[in-house]
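**Student:** Single-letter residue listing:
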Amino acid sequence: MPEVIDKLLGSSERLRTKGQLYKLLSPGSMCDTMFTSSKEDSAPLYGQGLPVTFGTSFANVCGENRQELASQIGELYSDFNDYATCVLVGTTGTVSFEAAPTSPSSFPKFAAGYINHLYMVNRTLEHRVEDLEQELNDIRAYWPTIKKLVAEYGAATDRVSLALSQLGRDYNPAQAWRIAQERDVLKEPMEEDAELL
Amino acid sequence: MAATGILFADYSKHPKPKRLYLDSSFAILLLHYELNKTSPAALRPKHQQAFNFHQALTADGVDLVGSVLTYHEVLHFYTFKYTGGMYDLAKAYLVSVGSSLNSPQENFKLFNKRAPAACAAAWQTIAHRVGATEYFFDQHGIKLRSPLPSPKLTNITQDVINYASILKDAFVALEAADSVHLSMSHYLDSDAVATSDLGFLTADPFKIYYCT
Numbered sequence: 001m002p003e004v005i006d007k008l009l010g011s012s013e014r015l016r017t018k019g020q021l022y023k024l025l026s027p028g029s030m031c032d033t034m035f036t037s038s039k040e041d042s043a044p045l046y047g048q049g050l051p052v053t054f055g056t057s058f059a060n061v062c063g064e065n066r067q068e069l070a071s072q073i074g075e076l077y078s079d080f081n082d083y084a085t086c087v088l089v090g091t092t093g094t095v096s097f098e099a100a101p102t103s104p105s106s107f108p109k110f111a112a113g114y115i116n117h118l119y120m121v122n123r124t125l126e127h128r129v130e131d132l133e134q135e136l137n138d139i140r141a142y143w144p145t146i147k148k149l150v151a152e153y154g155a156a157t158d159r160v161s162l163a164l165s166q167l168g169r170d171y172n173p174a175q176a177w178r179i180a181q182e183r184d185v186l187k188e189p190m191e192e193d194a195e196l197l
Numbered sequence: 001m002a003a004t005g006i007l008f009a010d011y012s013k014h015p016k017p018k019r020l021y022l023d024s025s026f027a028i029l030l031l032h033y034e035l036n037k038t039s040p041a042a043l044r045p046k047h048q049q050a051f052n053f054h055q056a057l058t059a060d061g062v063d064l065v066g067s068v069l070t071y072h073e074v075l076h077f078y079t080f081k082y083t084g085g086m087y088d089l090a091k092a093y094l095v096s097v098g099s100s101l102n103s104p105q106e107n108f109k110l111f112n113k114r115a116p117a118a119c120a121a122a123w124q125t126i127a128h129r130v131g132a133t134e135y136f137f138d139q140h141g142i143k144l145r146s147p148l149p150s151p152k153l154t155n156i157t158q159d160v161i162n163y164a165s166i167l168k169d170a171f172v173a174l175e176a177a178d179s180v181h182l183s184m185s186h187y188l189d190s191d192a193v194a195t196s197d198l199g200f201l202t203a204d205p206f207k208i209y210y211c212t
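Keeping their order, the protein sequence lines are chains R and Y.
The working numbering puts the first residue of the first sequence at 1, with every later residue one more than the last.
The working numbering puts the first residue of the second sequence at 1, with every later residue one more than the last.
The hints are simulated quantities; they were obtained by calculation from the structure and are not laboratory data.
In this text, a Cβ means the ideal position worked out from N, Cα and C, and glycines have one as well.
Worth double-checking, as some hints may not be accurate.
[Said to hold, decoys possible] Among chain R residues calculated to face chain Y with C-beta under 10 Å, some are:
#  : residue
1  : Gly113
2  : Thr124
3  : Ala141
4  : Trp143
5  : Arg159
6  : Ala163
7  : Pro173
8  : Ile179
9  : Gln181
10 : Asp184
11 : Met190
12 : Glu192
[Said to hold, decoys possible] Pairs of lysine-lysine, DSSO-like flavour, derived with a Cα cap of 27 Å:
#  : chain 1 : residue 1 : chain 2 : residue 2
13 : Y       : Lys46     : Y       : Lys143
14 : Y       : Lys37     : R       : Lys187
15 : Y       : Lys143    : Y       : Lys13
16 : Y       : Lys91     : R       : Lys187
17 : Y       : Lys18     : Y       : Lys207
18 : R       : Lys187    : Y       : Lys81
19 : Y       : Lys207    : Y       : Lys143
20 : Y       : Lys207    : Y       : Lys168
21 : Y       : Lys46     : Y       : Lys16
22 : Y       : Lys109    : Y       : Lys143
23 : Y       : Lys37     : Y       : Lys143
24 : Y       : Lys46     : R       : Lys187
Next up, chain R with everything else stripped away, as it sits in the complex (with noise of 0.2 Å):
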């Protein structure tokens, strides 16, 4: 059980880290900004590698693994565009993307459109993330009496692993049965009244 609790905790907060990194790259963020500030005639950041930059809670949340940070921001992009790798240097980085609006013209509306698919996919993660927290919230309730369980289960196994390792050194199993299918054949059946209990 807190294997599985672990592994809620731990799809809970992989959701929420993605989710603020969509709150990141949403509108009124520096990406945003620098999608609106994008000139026609400007050369297009795809390609090139989007420049990024993380706050130090931000980062936190990944904890020091860089690598994994970098990894879900990748995945994170791929989600609007067929792929994309990201690099981190600390708290900045770059993304590249491998499919980019062919011309500067184009740029404004595959930013539209990049937004927009933004929104929906971090309500859609948010989402998730309260339906994962409800659960938790209700496994909780019941938290003290699975550790009490656990707890009198492990100490009950560790007093019959201490018999079982004095008792137990010619049990065996097979090896029994093995010697039961020698000794133990009938000429003759038992009395019908032999098998009833």
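Use these hints to put chain Y onto chain R, whose structure you have.
**Tutor:** Leaving out everything else, chain Y in the frame of chain R:
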């Protein structure tokens, strides 16, 4: 109303159960078959029927479960009542010393009390039956489960006993252990029970697979 009874031989004519609870009488038939399959003279038709039924259940992937009670009764049968078991050994000892005979249980207690060393030596000749019993359940895919966790933390144990008591109270043909088997079969979420004990057939609303 009585239970829904289905002969082992008619198994394929009915919807298959997902989980079947095995009472000890069925497990004993199967154990007897497995021990004596090389000695046909020692087998009765019901042993073969139990084996065939088990083969069909296994082929269909039916979840086979028993309980602590199933294990206890099969172990007792094999180590005490089966030919050459402790009841026979106790009787042989008492005859050899010219002692009068009583019930098998009393003979065993007397043997152990009067000649503990001889009793221990006799036990060693059949002690393999304990391990063999456990191996038998394991090899036949019979999972022994029992809804009996800590009484401090749950009232399931009490619920099982309460249900068994009500069943025993209601059905005269059920023996005490049978009522506990039936109670646990429901608490283990089994669709039906396999047995050779015809007393089970009186218990509504259970579905019973049986042989005669």
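**Student:** Among the hints numbered above, which are violated by the structure, and what are their numbers in rising order?
**Tutor:** 1, 2, 3, 4, 5, 6 and 22
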